[in-house]
Every structure is written in C-alpha cells, then in structure tokens.
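Input sequences plus hints: build the corresponding full structure.
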Amino acid sequence: MIDYELGDKVAVITGGASGIGRACAHAMARSGADVSIWDLDQDAIDDTLKELARYGHRTHGVVVDVADSAAVDQAMADVVATLGRVDIAVCNAGIGGEASPSGDYSDEGWHQVIGINLDGVFFTQRAAIRAMRESGGGSIVNMASILGQVGFPTASAYTAAKHGVVGMTQVAAWEHAADGIRVNSVGPAFIRTPLLTKHLDEATLDALAAQHALGRIGAPEEVAELVTWLASDAASFATGTYYPIDGGFLAK
Numbered sequence: 037m038i039d040y041e042l043g044d045k046v047a048v049i050t051g052g053a054s055g056i057g058r059a060c061a062h063a064m065a066r067s068g069a070d071v072s073i074w075d076l077d078q079d080a081i082d083d084t085l086k087e088l089a090r091y092g093h094r095t096h097g098v099v100v101d102v103a104d105s106a107a108v109d110q111a112m113a114d115v116v117a118t119l120g121r122v123d124i125a126v127c128n129a130g131i132g133g134e135a136s137p138s139g140d141y142s143d144e145g146w147h148q149v150i151g152i153n154l155d156g157v158f159f160t161q162r163a164a165i166r167a168m169r170e171s172g173g174g175s176i177v178n179m180a181s182i183l184g185q186v187g188f189p190t191a192s193a194y195t196a197a198k199h200g201v202v203g204m205t206q207v208a209a210w211e212h213a214a215d216g217i218r219v220n221s222v223g224p225a226f227i228r229t230p231l232l233t234k235h236l237d238e239a240t241l242d243a244l245a246a247q248h249a250l251g252r253i254g255a256p257e258e259v260a261e262l263v264t265w266l267a268s269d270a271a272s273f274a275t276g277t278y279y280p281i282d283g284g285f286l287a288k
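All residue numbers in the sequence shown are consecutive under my numbering, ending with 288.
Careful: at least some of the hints might be erroneous.
Between beta-carbon pairs, the in silico distance windows are [to be verified]: (1) S272 x L232: 26 to 34 Å; (2) M37 x S272: 19 to 27 Å; (3) S272 x E144: 26 to 34 Å; (4) D77 x G276: 30 to 38 Å; (5) G92 x D114: 19 to 27 Å; (6) A270 x D215: 14 to 22 Å.
Keep in mind the hints are simulated off the structure, nothing from the lab.
In this text, a Cβ means the ideal position worked out from N, Cα and C, and glycines have one as well.
Next up, the structure:
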C-alpha cells in the first residue's frame, strides 16, 4: 500500500461511511491523516470509526445532510473546533436517484438528485474553501462520474449534476489558487458500491462490466488511491482538472 504522507493533514469525507467514501477514509487514515466522516447513517459512521481506529489517528464523525447548507457549515465548523483545521475535503456524498426518460422525469426526482449531487457538493466545497483560507490552503476533490463527460439513458438529473460538478470544480480552481487551494474532480465509471449493487442483479452487473475495456467493474479502493493522491502534496501541480478512473469506459 502506498503511503501518501498525510501525517499533518485533517481530511473531511462526505458519504464517508460506505463505498468510495469509506475507502477514501481508510486510504487517508492509513497515510497518517486525521479523518472526519460525514454521512446520514449513524450506525455506519460508528462502524467506520471503529475500523479507522486501527491506524492510531484522530477521528470524528457526524450525521450531515449535505443538501442542507446550514448543516454543512455547522459540521465544518465542528471539524475545525475538534480537529483544529481542514486540509482536505472529499465531496463524495451522492445518490443514483430516479431512473426515467427525460420526458417522464419527475420534479421530485430531479430536485432530490440535484440537491444532493450538485448542491451538496457545492455547499461542502464552499465550506471547505472558507476553512482552508483560514489555515493556509488545502486540496478539494469533488466526486463527479464518467457521466460528467457523457450522457446515460434514464439518468438526466444525475448526468446534469455530475457535469455541473466538473464545471464548478474548474471555476473554484481558478478562483482560489491564490489562496493555496487546489480543486479537482474525479470521474469513476461503474464501481462495486452499495449504490450500484443494491439495485442491480449480477447479470446486469456483468453487462455493465463488459462496457469497460478492462472487462470488469471497479473497486472503491481503486478510486480511493486516485483521490488520496490528489489530496496529497505529491499532486501539488494538479488543479482544475477532471480525472476519469473508468477502466477504459470513455475510450471506446
């Protein structure tokens, strides 16, 4: 396992109690970071914090609805009060949401997906920027998707949100480079997480795997390695960029 040398860093990870977020929490704690995980599931937070205890660094967990800007601001302030600063923010929390053709997509489904997958990323990014300006800079990694570059039938809200994440990442990178803040986005393809596996049977997962040049679905830990590198000082010249990690999905 690579050590990304995060010994002096404090990381906030939204959606940090499952899937990619949980894998990021492990990768960062393994590399020496103090980690705050935000999620909606208190039991999953508690389980993840128990897992992270093996690394011997400080941890913090809080239930946060990232679609609630006031809750996000309060949670970020709590991290600073508890852990002293914020150096890394992984804006990862998201949902798949309604699957319907564009002409049939409901208002409720649209607003739910946009509220979590776009508004929630923006609110977390904004709160992180404010905290990082106080402590001299940091690195923000926004979780986009391969659908931040291409479309996918029945996923109009998800696709719109992920395209938006890529765009606002580029804007923030330019705006806050002088503050010592780097902002990048990551675009996973289909990854074996609860978001995917709880809705799809193995036959469907196999069909999705065939759409990747590597012939398989990715693992959360593979995405976490890229995210953790971007969060580290090893990626000091990386900002404003979209990084696919897609097993060759976009190469076809």
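Verification of the supplied hints:
1. S272 x L232: 26 to 34 Å: holds, 33 Å
2. M37 x S272: 19 to 27 Å: Given about 22 Å between the Cβ atoms, the range holds.
3. S272 x E144: 26 to 34 Å: violated, 43 Å
4. D77 x G276: 30 to 38 Å: With Cβ atoms ~33 Å apart, the hint holds.
5. G92 x D114: 19 to 27 Å: holds, 22 Å
6. A270 x D215: 14 to 22 Å: holds, 20 Å
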